[in-house]
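Visitor: Going line by line, the protein sequences match chains A and B. The first sequence runs 1 to 272 under UniProt numbering. The second sequence runs 1 to 272 under UniProt numbering.
These are calculated hints, taken from the structure and not from any lab test. Check each hint, because a few of them may be wrong.
To be verified - Covered stretches of chain A (in silico footprint by chain B; criterion: 3 or more residues with CB under 8 Å from a CB of chain B, positions within the stretch not fixed): (1) 61 to 71; (2) 195 to 201; (3) 225 to 237.
Note that beta-carbon positions come from the ideal geometry of N, C-alpha and C, so glycine has one too.
Number of protein chains: 2
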Amino acid sequence: MRIGIVAPSCRIDEDVVQRVAALAEGRAELAWHPQCLLSDGHFAGPDAVRAEALIAYANDPAIDAIWFARGGYGACRIVAQVIDALRPIAREKTYLGYSDPGTLLGALYARGIGRVAHGPMPADVRRAGGEAAVSRALDWLVDGSTTALEPSLGEVPAAAFNIVILAHLIGTRHLPDLSGHVLMIEEVAEYLYRTDRDLAQIIQHPSIRGVAGIRMGRISQVPGNDPDFGAEPEAVVRHWCARAGIPFLGAADIGHDAGNKIVPFGPSSSGA
Amino acid sequence: MRIGIVAPSCRIDEDVVQRVAALAEGRAELAWHPQCLLSDGHFAGPDAVRAEALIAYANDPAIDAIWFARGGYGACRIVAQVIDALRPIAREKTYLGYSDPGTLLGALYARGIGRVAHGPMPADVRRAGGEAAVSRALDWLVDGSTTALEPSLGEVPAAAFNIVILAHLIGTRHLPDLSGHVLMIEEVAEYLYRTDRDLAQIIQHPSIRGVAGIRMGRISQVPGNDPDFGAEPEAVVRHWCARAGIPFLGAADIGHDAGNKIVPFGPSSSGA
């Protein structure tokens with residue numbers, strides 16, 4: 001299996017390449033696009049270069065899966081160019097990532113392009129215990145391992161997003177129709193008042209109001225609010241679910257951490 | 001003139017009441033709703049109490065204008081309840097504020113309720129030179145002073161928003177149709193990558209794509225980006241204007257500071 005790695009947001013360092021290559025040795029061929037190591041201010045190269053790298057790999061028949069290297073910020077600057085340039089061969093591939101590249105996952109899923117999944121990325125190897133996250137991603141990409149999957153997945157179609165990324169898809173043409181889906185959400189390092197504000201925007205949208213329910217992944221590294229926000233993260237999620245009449249379904253085993261499980265979008269508990 | 005003051009977001013302290021009352025002495029009667037001083041976690045009282053305070057004043061025939069006391073966060077939690085409870089008398093009033101209460105300004109303007117304006121609030125009295133900002137608001141509210149107005153205002157209708165607040169109106173029923181308007185935007189204390197992300201969402205929306213142009217207010221207190229973002233605030237605004245084919249019209253004299261001028265929404269360079 002040939003896995004193409006591109007960085008639509010921020011760059012990675014050479015050590016990520018080395019450590020992930022070691023984990024993939026003998027399991028899959030990793031094609032690291034040199035764009036992953038570029039630097040242009042905040043981004044892993046200029047918009048056009050990041051877009052062209054992703055387009056080239058997505059349209060390359062010799063690549064079986066696209067693995068987003070890292071999050072950060074930048075996918076929303078290239079999503080329109082990328083989506084409009086994909087050829088039919090791009091529909092045959094798997095796309096894996098989370099956090100900022102969730103913008104691309106949403107846009108791909110909105111058009112039924114490829115098998116889209118929320119899960120660990122190469123840069124996660126730097127986390128404490130991060131090798132397990134990367135190995136889990138390979139287990140799913142290479143072997144279709146079901147043990148890599150978020151455990152609540154079942155018959156109902158699912159999708160997963162970082163909360164602030166989903167909020168920024170609202171009102172754009174890249175938001176997929178999530179009606180009937182179990183929507184899993186997670187967040188990291190955001191003030192709770194911001195997550196509350198994001199959820200206010202998210203749950204007002206008709207497509208979101210039609211979800212089968214919401215599961216809460218980890219909302220981690222929340223900075224202290226001054227004054228105290230007055231509610232815990234779960235109470236915030238439950239508040240907005242209740243206001244929108246959306247069932248709160250409990251926890252999802254996803255988040256910005258090494259435990260992050262894989263959520264294929266759609267009715268797909270069957271692995272890659 | 002009787003000006004009703006409510007706090008849809010965060011609370012104010014007693015010193016704001018005293019200092020603003022002194023500035024208004026002999027000019028206007030200020031009706032401070034006691035809700036302004038309440039505290040409930042992050043907010044100036046629970047959602048229902050904040051909503052009821054605003055509804056009561058907006059529906060009170062003895063109140064001529066509603067002045068939002070302060071920003072922070074919280075208006076989006078009450079906007080639906082407020083809008084749906086306003087009676088015809090609420091349409092006769094002026095509404096003044098900015099920052100987080102911009103959510104309410106947008107929702108009011110979307111329904112043609114009242115004379116809506118972006119400008120200083122009582123809590124601005126605490127800023128360096130803040131008495132000038134509060135006096136400017138009174139000049140406009142009480143005397144309809146045109147010197148209080150943002151100087152570029154003219155024949156073309158205008159509107160003004162904090163960027164992150166406008167981004168969170170996208171895709172909701174509270175976003176007004178801004179086609180044909182000069183849209184003025186300002187921001188404070190946000191990482192530039194976040195402002196970039198907000199603008200990406202904002203300029204994709206059809207209503208925003210139809211604006212007559214965008215003017216950039218102050219984008220101030222931007223925290224340092226690591227790595228350097230690679231562009232200055234004006235380049236970021238120009239980038240998104242160019243991508244959307246929206247004319248960039250230059251600077252607007254608004255911002256989270258004592259110099260913040262007043263921008264009545266709509267075709268209204270005629271003051272209050």
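Visitor: Next, verify each hint and record whether it holds.
Guide: Consistency of the hints with the structure:
no.	hint	in the structure
1	61 to 71	violated (count 0)
2	195 to 201	holds (count 5)
3	225 to 237	holds (count 6)
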